[in-house]
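Number of protein chains: 2
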Amino acid sequence: MKKTLLVLATLLLPAAAFADEGMWTFDHFPSEKVEKKYGFKPTQEWLDHVRLSSVRLAEGCSGSFVSEDGLVMTNHHCAHSCIEQLSTAQKDYVAAGFSAATFADEVKCPEIEVNQLVAIKDVTADLGKATAGKTGEAFGAAQRAEMTKLENACAGGDADLRCEVVTLYHGGQYHLYKYRRFQDVRLVFAPEFAIAFFGGDPDNFMFPRYDLDVSFLRVYQDGKPAKIKDHFAWSTNGARDGELTFVSGHPGATSRLMTVSALEYQRDVAEPERIFYLAELRGMLREFMNRGPEQARVANATLFYVENSYKALRGRLTTLQDKDFMKKKVADESALRAKIAADPAKAKVYGGAWDAIAAAMQDQRRLRKMFGYVEGGRGFSSRLFGVARELVRGAAERPLPNDKRLREYADANLPAVEQELFSAAPVYDDFEIARFSFSLLKLREELGADHPFVKKAFGPKSPEELAAELVKGTKLKDVAVRKALWQGGQAAIDASNDPMILFAKLVDADARAIRKEFEDKVESVVDKNNELVARAQFAAYGAGGYPDATFTLRLSYGAVRGYVEDDGRQIAPFTNFAGAFDRATGREPFALPKSWFDAKPKLDLATPFDFVTDNDIIGGNSGSPMINQKAEVVGLIFDGNIQSLGGDFWFDEKQNRAVAVDSRALLTALDKIYGAKRIADEIRPK
Amino acid sequence: MKKTLLVLATLLLPAAAFADEGMWTFDHFPSEKVEKKYGFKPTQEWLDHVRLSSVRLAEGCSGSFVSEDGLVMTNHHCAHSCIEQLSTAQKDYVAAGFSAATFADEVKCPEIEVNQLVAIKDVTADLGKATAGKTGEAFGAAQRAEMTKLENACAGGDADLRCEVVTLYHGGQYHLYKYRRFQDVRLVFAPEFAIAFFGGDPDNFMFPRYDLDVSFLRVYQDGKPAKIKDHFAWSTNGARDGELTFVSGHPGATSRLMTVSALEYQRDVAEPERIFYLAELRGMLREFMNRGPEQARVANATLFYVENSYKALRGRLTTLQDKDFMKKKVADESALRAKIAADPAKAKVYGGAWDAIAAAMQDQRRLRKMFGYVEGGRGFSSRLFGVARELVRGAAERPLPNDKRLREYADANLPAVEQELFSAAPVYDDFEIARFSFSLLKLREELGADHPFVKKAFGPKSPEELAAELVKGTKLKDVAVRKALWQGGQAAIDASNDPMILFAKLVDADARAIRKEFEDKVESVVDKNNELVARAQFAAYGAGGYPDATFTLRLSYGAVRGYVEDDGRQIAPFTNFAGAFDRATGREPFALPKSWFDAKPKLDLATPFDFVTDNDIIGGNSGSPMINQKAEVVGLIFDGNIQSLGGDFWFDEKQNRAVAVDSRALLTALDKIYGAKRIADEIRPK
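For the record, the sequence lines run as chains A and B. The first sequence maps to residues 0 to 685 in numbering that gives the first Met the number 0. The second sequence maps to residues 0 to 685 in numbering that gives the first Met the number 0.
In case anyone wonders, no lab produced these hints; they're calculated from the structure. Hints should not be assumed to be uniformly reliable.
Unchecked claim - To give a feel for the contact side, a few chain B residues facing chain A, derived at Cβ under 7 Å:
| no. | residue |
| --- | --- |
| 1 | Pro201 |
| 2 | Phe275 |
| 3 | Glu279 |
| 4 | Arg281 |
| 5 | Met283 |
| 6 | Glu286 |
| 7 | Gln320 |
| 8 | Ala448 |
| 9 | Ser461 |
| 10 | Arg586 |
Claimed, not checked - In the BS3-like style, the derived pairs of lysine-lysine whose C-alpha atoms are separated by at most 30 Å in a straight line are:
| no. | chain 1 | residue 1 | chain 2 | residue 2 |
| --- | --- | --- | --- | --- |
| 11 | A | Lys368 | B | Lys327 |
| 12 | A | Lys482 | A | Lys455 |
| 13 | A | Lys120 | A | Lys226 |
| 14 | B | Lys177 | B | Lys148 |
| 15 | B | Lys504 | B | Lys148 |
| 16 | A | Lys328 | B | Lys322 |
| 17 | A | Lys328 | B | Lys327 |
| 18 | A | Lys599 | B | Lys454 |
| 19 | B | Lys455 | B | Lys403 |
| 20 | A | Lys685 | A | Lys599 |
| 21 | A | Lys454 | B | Lys593 |
| 22 | B | Lys368 | A | Lys326 |
| 23 | B | Lys326 | A | Lys338 |
| 24 | A | Lys327 | B | Lys326 |
| 25 | A | Lys460 | B | Lys601 |
| 26 | B | Lys322 | A | Lys338 |
We put the CB at the ideal spot given by N, CA and C, even for glycine.
Please put together the full structure from these sequences, using the hints given.
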């Protein structure tokens, strides 16, 4: 017990220097601090209610329950893939929007999984025991095995539970998160893409903004809407300028404790290379969409993802290249290292961490291309290849003892694998070939035409030829074929002559080998030494912080607040409907949909539309509810401004802002623009 | 006279630390140093002969005279645009190659201009007098006016002469270069693109290599092959490993004296942004080429240029990010600044240069997007827009006194403007629209949709809509229309309602304004202070160097020499024909043409094909002759290896290599593969 407390206490981020910085865990929320500043103290009951009303979309978003009948609110862009998968050339719900008139009209999303966090258990001691005295490869293996064991015991074979060991404070703390898992998730409502993403890429990460980036889903259980006790009530008043706001959601990842050598690696290698890749892919996608309207429809969701990532990464790179930023990081690190070095006992424990990470960065430089392209997916950007790899690996892994498998094939994770594997989401040959060709071309380029792996994978073939041959030749588009291969196990895989299966087998040994080398020489080393850095930080400066984000539930507090741009422009915190009409040009991406012009006479154009707060959020928070002290929804997070993109590495409250749709805009749109009375009534305060 | 000598002597690069570093001017060639190391001392006569036998392709390449009948040897990739412009969907000379059986079959290239350097005159004193006591805007204006005056006097209205004031040693020295200008340049021979660029982008900047990157052109005068006294003889023996080699050509630009703040600007801003742009353009182009074989043909030369630039810039960025490189640059600069600071007299003259450049870099950060997109061409990537801008500006500028015009419209430069303007090179609507749309999209993205210039240029229109409207609506595809507008001057422009002319007029004031601001606040400041840095360098360390490259004729010496890769592989200096057959897969870009397989039985497969030397070259040297002590052609420069790409900023002789086609491969190919006996006989030693 003492040890746990110690570990807990030692692994905190540096005392948050800025006002409302922090993505707090629910079991460590600074309620007193909030009370001191805002006069409101969240109680345990309040926190539990908020936690249970919040959900995670397993593929990378946040959401919230907003009715007792399992209605889930999230962003349009979080359900974009589903909406596209349910569309056809004849019925394009992305373009036209979707509104189910009755429960019976709600349609299942092929690949969305919703998770509700029902329990948290501290398992730091278990992990500590399992890895005691181990380093490097042995450390990583023992840790992965223990995690799998704990997760398996927690789920107990119940596919409706999803258990995950969560690493907090860079390994200073391990928690076992138990989620209730919903895989029957249906689309209820989505507006037109044109208003969900009004302003498109040019306005993305910008403010003022005029987006109705919302979709409603519903979780079902046993074929009926699931009954949900904890859910958020709705505020018809929204939030005032300066009002305290909370965001409860799943920030994906921050790196605020990252050492200087790792930051330099990000700045000089990782981020530029990702941007180069995305830029080229973006050029390809936009031109692919010129092939025709059907290609434009099919590739739209991918383009959104790529452009969003491209812009976000450029923002991050700007921060990494900022001299003041790096100077501060270097100064902080030097000061901490000096303090540690001055105390022989501390130096012995923590002193080697920074150099160990720097050495791992050298290994990462060396291994990154092979890892990223052959194992990490950059080289095989094909849905059908992904299916083939799942089948090949699943056949090999499932017969192994649970804790000896690649972690994603542990029993606790198989439901998620199966949902994706058996998804009926359509695959379009021409788009599949274009993407696969692109990624194979980049793989050959980055590894070099003479690389033995390239020679093995390509033979004499060109990237385009190989992609076309595999995509056209495979039978894996047929879900029944996938099921038969999955159920048939290794024997079925051995007997298969499907070209995509054969290709996945051909490259698998190399992919597994580089994964193992990367995990042993980079990941394990970085994980272990980041933990030491986090502990050194506490040993030197004491407690008072929050763990880096890890796509687990966090609560951020802040207030509605405008800001001042570098050029002196004052940015007011709210926009309104009138501004959207003013900005409309009739041309994509500034074309307001017809529904809006039809409804215009009925609308109060002064209705608040989007607004900004200084809550500390990051990618993964998309779809998070913005709530007030009464735990009522006052908004829906859908973006951060461009100045927030450095939030991965530090929080600069001066300009870093979260961007949300106002709850008043949401309800008004359902009522007056979309005639979605059923949904509006379901969320409206009774 | 004394002043000239002083200035000359003071403005030298740091003493070349490495063996054969240096891109030497012909009037300052270190013959003694060559003699000391290699036992051969070039005489003035030898140097004159080599200079007069060398040519420049005005659009950015090098070449050489190889017969008395004006036969010019250069790279295939230097004539690629011409070959594409002469091709049609029915007769694709890029794919099939071209070989003129007689003089009468030689076809004029629409846009190639060949320059032979006939005289050099030192005009440093003239420039010094004109700019004495001036700074900033006034300095730049006076300098440009004096240059124009000198050039005009030199050409004396003779369109067959091209005179240019050349800035050497960053303004420490100004020379007036007088070129004989050839605008009637005809295509004589080109092999298939598949062997000219065998290995394509994957092998670009790589070695070992198997490319026959050659084309032969011929300069004509009065409709007949021009008689050329000085031309290179041919070596049928090539060069031996270790043999002394010279490269006479036109390296485009190096930045070996660049200050640290400017290097950082390149590393953090300029280079990444150029790569992002090129990466996206590349993705677009490759996918555009998937529209069909005709689109693939039409866009091929542009793709080559884009991929080549992309790879080259990534190589440069790697050097800029190299910690050892930057550490050395910082140390060198600190040492120099300390030496200068220690001497009050020197400090007064030179001490402020570094900070002035750093301040200009801040201005460049601020101005770069507007300058690059609105004036610099990134935003209007359209041949027809380029024509419209030439017409609009030409009408406004030509009535002005010669020395008050934008420099490119000075009398001395008008022949080049007219050649391009009246070029009959085809324009393809779909490709033109695709490129223009792309660049307009990037312009809107980088300046922001709310930028006043964007609002003015686009109105409510989307980039695609605007591009399509302008390209489809303009009559400027018709050369006769261009001629009428050019000859009609301002009145014709004022009366024109051609949409592209109207658009060029709409954006011209903003473009001129940002150009002026950029020239005054960035270019002039950097030029002036780079000169001070160069002089400070001499004041501190003395003489012994060569000027940075400026696309003027230079002579480099070195030797045939392999190298060792970082992973320990020993790279031999020569490849041979057998290697090309070994590398062939039958798929682009590793598909050897049929002509090679047909000829294979007749070939000695041990014939040397490509080879490397440690000559110091850079972009712009493409097409340079590689010669031996007897001034015989032993090879044809066409590339540098990947390690040479940092050569912009320093010369690292360990791995930096120039890549050439062997003279034996060239003659054998003409004789035995292409049956081009007429050409082979013309260059073969008599």
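Name the hints, by number, that the structure is in violation of. none
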